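K.L.:
Whenever a hint applies, use it, and build me the whole structure from the sequences.
2 protein chains.
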Amino acid sequence: MKNRLLIAIFSMLIFWGNNNISAQVTDVYKQQRQQWLKKAAEAKPPLIKQIKKPISLVKAVKDSSAYQGWKTVKAGDINQFYRSSFKQNNVMIVDFGEHFTGTFSCTFDTLGNISDAPVRFKLTFAEMPAELGEPFDPYHGGLSRAWLQDEIVTLPYAPYTVTIPRRLAFRYVKIELLAASSYFDVCVSDINMEATSCVQESKLSLAPDTDPLIKEINRVGLSTLKECMQTVYEDGPKRDMRLWIGDLYLEALANAYSYQNNALTKRCLYLLAGLAKPSGILSSNISEVPTPRAQNSVTLDYCLLYNVVLHEYLKTSGDKETAEDLWPVAVNQLLLAQEYLNNEGLYDTAKQPQYWLVFDWKDNFDRHASIQGLMTFAFNETYQLAKLLGKESEVKELPRLINKMKKASRKYLYDKKQGVFVSGQDKQISYLSQAWMALSETLSPKECAKALQTAIQNPEACYPGSPYGYHYVIEALIKCGLGETARDMMIYYWGGMVKKGADTFWEVYDPNDDCRSPYNSHLINSYCHAWSCTPVYFINKYPDIFQK
Amino acid sequence: MKNRLLIAIFSMLIFWGNNNISAQVTDVYKQQRQQWLKKAAEAKPPLIKQIKKPISLVKAVKDSSAYQGWKTVKAGDINQFYRSSFKQNNVMIVDFGEHFTGTFSCTFDTLGNISDAPVRFKLTFAEMPAELGEPFDPYHGGLSRAWLQDEIVTLPYAPYTVTIPRRLAFRYVKIELLAASSYFDVCVSDINMEATSCVQESKLSLAPDTDPLIKEINRVGLSTLKECMQTVYEDGPKRDMRLWIGDLYLEALANAYSYQNNALTKRCLYLLAGLAKPSGILSSNISEVPTPRAQNSVTLDYCLLYNVVLHEYLKTSGDKETAEDLWPVAVNQLLLAQEYLNNEGLYDTAKQPQYWLVFDWKDNFDRHASIQGLMTFAFNETYQLAKLLGKESEVKELPRLINKMKKASRKYLYDKKQGVFVSGQDKQISYLSQAWMALSETLSPKECAKALQTAIQNPEACYPGSPYGYHYVIEALIKCGLGETARDMMIYYWGGMVKKGADTFWEVYDPNDDCRSPYNSHLINSYCHAWSCTPVYFINKYPDIFQK
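Protein chains in written order, with the working numbering: chain A, 24 to 571; chain B, 24 to 571.
Some hints could be false.
All copies of an identical chain are treated as equivalent in the list; a pair is satisfied when it fits inside any one copy or across any two copies.
[What the hints assert, rightly or not] The calculated DSBU-like cross-link candidates involving lysine-lysine, where the alpha carbons are at most 30 Å apart (straight line), are:
hint: 1; residue 1: Lys145; residue 2: Lys110
hint: 2; residue 1: Lys430; residue 2: Lys522
hint: 3; residue 1: Lys97; residue 2: Lys110
Read the hints as simulated data drawn from the structure, not as lab findings. Since the structure is predicted, the reported quantities are computational estimates derived from the model, not experimental observations.
P.N.:
Listed below in structure tokens is the structure:
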């Protein structure tokens, strides 16, 4: 009852003025935080553990026609590898055949003489052939060098089993002898990878006559999603291993059309709520280790997407109790966002504090039209959620506000002559501006379709830099009835990754630049990245478009 | 009964001929081996574990007047160190104040922001300041580089506790930040060293008016011995961590005059017996890990010293049961050794197989006179052992053989004119030839004293290269009544190490060459080495010489 009362106060405050809002919010969070974290803990899914073994011996070969200039070729049978001399061959690479995430153990043994001294190996765990071929040092990347998965291990004696303490994500392991005694030779006698995920098999299957490339995209997408579904929806099991709201959204969509593990979505929604800032603003992402905690950063687009996830979760699971429980969190994101609207309902780019807007990994991409579109979309989603919960009276001013925002969008961001949305001082035309405006329903589907087509046909237009960006473009194309274009784009983009050998889909993919990285080093990119799994969602949700 | 019968057969075979000896020996070993290993396991001492903490922050400073060119100076208070920023100061060194052996753990934490990425540190564990100051790579040593105690660790998040899997031995730990996130700073919040030894306090104490330097030598010797007394007498806790017969001998002597842990001596005697080669020859050394097993090498001087240890053990402990049990092992070493005597009783340097003769770490040291002396000494010790066990009838030919050997020594190895023993084609005069001949009682004590003095006064004479070699010289000097010279030598040699800052005594020490190493790198030398602990034995056994 007290809760309801507070919500009522919120909803009044949203439209009547903002005095003392944060104090009220703090009260709600003080009351609910522990309860939400408890529910998150209760929903934690058990991990399914499976022992995996390498299936062959490979070598990394430089090849300018291969993705990033490297490929692997078979170098021997795996049975040949066990008990092979590291004195004869200092470096050997084993291939697990697919991407796994978990705990790696390796047993080393002597060949011939017994051990009389410690031995040292370097182990390099690679998602991609480039990580096998290129040296990690000197490192010029912008993120911690320690994300790169190489470890130096000392065997005090042999036989000896090394277990790498940190969880790893890889397909290949390079094993390199660094130091040994002249008195005895050494080999690997066993390898065990305890692979983990909270899911195993998709609940859905494709029409038998689905195009083989679409089938392959679906398979790789499922693998990507499975690897990222651990005890939270992670962004990437190699890096950052964290729950980001943006990734959560796309993973939850794909999960609804595959593994259907609703408990994980519920857990993540509660975790984010339980770890919100004292003011009620959600952190962009949280870590689970050593104990669940929020990272400092706030990203306004992600805050709003939380509401969309909650809405989708309710539609998928029917779990009204959770949605009601977390409704105050959604309201609070609205409160935060509306602070950024000017009197005409346009996003004010000068308003402080300026939160990071994610949207995509793309240099020079102007985000003004996109945030305006996303806010409009999310406000509408939040209103739909309120209706499902019978709470529309609490946010009854929303439809009026949404209309005001659309009007402002048309007035300030739409170039009628060209039939596209433009963004920023340079009137940038980007795929994403059109996509977010389409999703916001600011114009009619026909107008939006035209805007999308105009942008796509313009070689100067700013195209997305990441699968995350492409997701919203495809969703918008489908929404505007451009299913064929959506299908072509998926085949071009995700099909491109498949053709370039992806076992799982990548964090960053630019068809024109193999080595693009937002971190100044393609080695530190994540090559199994959650926000890239959404073909699973599209293919399974829209069989008429993709399964033919 | 059956055992006795076999021994009787042995003793007859020794002097009547060697046909089929090895077959008989194999039978004894087949019968006893498991029983001996069981007794070794039963005698395994519990390790005493104590948590140790660093006591100050130091830095390594280049100083040409310091041993090996490096010294440590205090750089701060230890409380200051905890929570110090590694971003401000990439490398910090903590000092435990004394040498410890055991398991090292270190807890890292964040400073300010929470962790968003893994962090990487390099930890270098050093017995000596030079190990802190000099880079380990490129490494040119002759033993495995992996003995050097540096480890690279990855913290997946913080706070995080790293425990180094292998056991370490050190006084100092250098902690070096290799890779971090730009987003947060990191510090050490706790360090725990679980130090182990099977002993704690010496049972004996020195006369209060003992010379302060002798007191200090005794203290450092006790520390050396304690560190090497784990679940076997190890040679060195940093390297090789193994039970060598030569080290066992000196450690058992020092133990008898300090910690008096007879169980450990018993365990080692049984382990060596249980792991003898099928022919009954003892291996020079054994490892305990992963399960007790012998290294391949055989060293004839060490085989014979086993008999001396067994004799000393019986005298110290009164444990006749063990001595009787292991008597066949002693007989078997006699059998092996006598094969190397020619008809005149002189050691035949051409006889195959040529086993390694340890004696000392010293280039160009000729071992002929020394092995002749050691064999004579060990045969006599074995005969004394037989008498204590009432088994002299089983080796009744020994006194006659010993006399024959002494006669041969006088004839072929003694230079009457100079009054010294000479060795090898170049008639080398060495301290050790005189020492071993003195211990063998080949000449009168007066003649031996003269031989020792002549060698010591000869600047061209080959002096020992290791504390192990010096031990026998000092023992010989005392035996010949040259207590003052023995005392002076200990003060010169072990006192020299103390003055140069030894916390524990070193494997190799040449007063004229700080960086001498038998392994082509002084960094790989062991600086807490068992065979260097014997001042404890001398000082406590001979109070009239040393405690005044």
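K.L.:
Hints first: check each against the structure and report whether it holds.
P.N.:
Evaluated hints:
{"no.": "1", "hint": "Lys145 with Lys110", "verdict": "both (14 Å within a copy, 26 Å between copies)"}
{"no.": "2", "hint": "Lys430 with Lys522", "verdict": "neither (44 Å within a copy, 88 Å between copies)"}
{"no.": "3", "hint": "Lys97 with Lys110", "verdict": "within (21 Å within a copy, 44 Å between copies)"}
Hint 2 from the earlier list is the only one contradicted by this structure; the remaining hints agree with it.
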